[in-house]
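Peer 1: Here is how the chains run, residue by residue.
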Amino acid sequence: AQSVTQLDSQVPVFEEAPVELRCNYSSSVSVYLFWYVQYPNQGLQLLLKYLSGSTLVKGINGFEAEFNKSQTSFHLRKPSVHISDTAEYFCAVSRSGGYQKVTFGTGTKLQVIP
Amino acid sequence: EAQVTQNPRYLITVTGKKLTVTCSQNMNHEYMSWYRQDPGLGLRQIYYSMNVEVTDKGDVPEGYKVSRKEKRNFPLILESPSPNQTSLYFCASSPDLGTGGVGYTFGSGTRLTVV
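These protein sequences, in sequence, are chains A and B.
Counting in our numbering, the final residue of the first sequence is number 114, and the numbers go up one at a time with none missing.
Counting in our numbering, the final residue of the second sequence is number 115, and the numbers go up one at a time with none missing.
Hints listed in this document are in silico derivations from the structure and should not be mistaken for laboratory results.
The reader is advised that the hints may include incorrect statements.
[Said to hold, decoys possible] Straight line, CA to CA, 20 angstroms or less: simulated EDC-like cross-link-like pairs of lysine to aspartate or glutamate:
#: 1; chain 1: A; residue 1: K101; chain 2: B; residue 2: D56
#: 2; chain 1: A; residue 1: K109; chain 2: B; residue 2: D38
#: 3; chain 1: A; residue 1: K78; chain 2: A; residue 2: E16
#: 4; chain 1: A; residue 1: K101; chain 2: B; residue 2: E53
Turn these sequences into a full structure, and let the hints steer you where they fit.
Peer 2: Next comes the structure, spelled out in structure tokens:
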């Protein structure tokens, strides 16, 4: 079975400061990894994904994430946050290939402080 | 516009009164799924469907039913809602079986309150 851990339930950060949202996963096989963002009163939308190849993945809105197989992590980063980045962020994992169940983390609320 | 449409957005109902939350996608996706979102628990899968007439249980299926008679529609049915089903519900779709690396398209959510 696979699992995802987002250790930080809330992360406050000042505007224009860098931020890192942590995600660790466990799986005994190859995985796909995703980050989704949920703005207030909206559904989730895909921010970025890692399938294979380069371990540094760039997504929308200036976010990027790095896949680290040895540490089983997929942390999300942004060098300078804006007020509009205030949202909840979900990390998700699935086994690679064909239909595989997607498991979501419990979410991290990013609060950008003016 | 490619989208997943859920209705209603908000619903307050009483215990035991059957209700249906509709979900429709216009992308010809094969895979559809229902999730519930609860504080501190993230998203948990209720049911999923890999194609017309093919449905299966997710992690928390108790108290829910689904049907997939047409490719575009995947309604969620609560035959006898109870207060512990108060939650935020999301429908999602994907063009392949599961993820295949494409990821999901989510609806805007349905906030259900059962009193």
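Peer 1: Output the numbers, in ascending order, of every earlier hint that fails for this structure.
Peer 2: No hint contradicted; all consistent.
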